[in-house]
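Trainee: The opening position of the sequence shown corresponds to residue 1 in my numbering, with each subsequent residue numbered one higher.
Honestly, the hints are just simulated from the structure, not real lab data.
Be a bit skeptical, because a hint or two may be false.
To be verified - Label-pair ranges, simulated between beta-carbon atoms:
id : residue 1 : residue 2 : range
1  : Ser280    : Ala150    : 31 to 37 Å
2  : Thr78     : Gln271    : 48 to 54 Å
3  : Ala167    : Arg287    : 32 to 38 Å
4  : Arg238    : His284    : 24 to 30 Å
5  : Ala219    : Met144    : 36 to 42 Å
Small disclaimer: the values here were computed from a predicted structure and weren't measured.
Quick reminder that beta carbons are idealized off the backbone N, C-alpha and C, glycines included.
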Amino acid sequence: MIADQTVEASQHMIAGRCGMGGETETGGQVGQGDRVGSIIKRWALGDLQIIDARFSHRTEWLPEQGDVADVQLEIVKTGTVAIEERECKWRFGAGQMLLMDTAHSYRQTIGEGAHLIVVRIPRRCLRERGFEASLGEMIVPDLMLADVRAVRDLVLGFADQNAATTAPVRHRQGNQLLDLFDVVVAGPAAPGRARSKEATLFRTKQYIERHLRNTELSAATIASAVWASVVHLNRLFRADGTSLMRYVRNRRLEVAVSLLSKSGCERPQIQEVAIRCGFSSHAHFSRVFRERYGMSPSDAIAAKSALLASSHGHADEI
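Kindly produce the complete structure, drawing on both the sequences and the hints.
Mentor: This is the structure:
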């Protein structure tokens, strides 16, 4: 006899292990039920993958055997979904969201007319950010919390775009979702929890990349954004032979070199490069550039130096 439990929106976590439906590459195996008229689309958001699945008839959507690479966030947009694992059964309705681990065996039954949005998250991305890569339990985020609803609505908004945005924008969207993953797992208090040194360094560098344009980017601002102290961050960067703000300066210069290496009309004016890379003025940019490379930006362009040639394409532009 299978226990039948309807998941309430206010419930945060359900005991019991549940796996994931769908495959990043294949969309999963469809079992009993009529698939005629069903549509499954998928596209990348950077390292993540979105699956937009619409089922015209009742269907069993099973995971591919042996796939343990991903964690899956699933939102029921319309219809119902029933998940069975061992002797437990859960039922989800429209608007609800669940988080599952592909490593665990389960069966997912999709109701007639159901529309699901699924986000596949590689475990390595979670490990890099200091999250647990194995869930152990199926998690049902608490939709009574405004932060959790905001993440759900963000996912639905990305899905509604149907891959119409450019690949660079989709990559940034994927990073946004990864940065918000802790809200889904543990609620609004999650960002303050302890993480590994590697994960803190990873998140710090990500934050810096997104804010290099900001001329007021400071050690205190960065530390506050990643829930760490300035002293701790400097200690982490010192292990790499640098300091926090020296790393920021060097990244700005690397991006500047990449921009200056462009040819003809594709190359921005030096003043624009300075602005795009977060330098407070043309003079400040030229001084720091000369200190690092032994020549001014204009001299480097005029000489078509080996510096620019070797750096072309090696730094992400901002």
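Trainee: Now tell me, hint by hint, if it's right for this structure.
Mentor: Here's how the hints hold up against the structure:
1. Ser280 x Ala150: 31 to 37 Å: 34 Å, holds
2. Thr78 x Gln271: 48 to 54 Å: At roughly 52 Å between Cβ atoms, glutamine 271 and threonine 78 fall inside 48 to 54 Å, so the hint holds.
3. Ala167 x Arg287: 32 to 38 Å: With a Cβ separation near 36 Å, alanine 167 and arginine 287 satisfy 32 to 38 Å, so the hint holds.
4. Arg238 x His284: 24 to 30 Å: 25 Å, holds
5. Ala219 x Met144: 36 to 42 Å: 37 Å, holds
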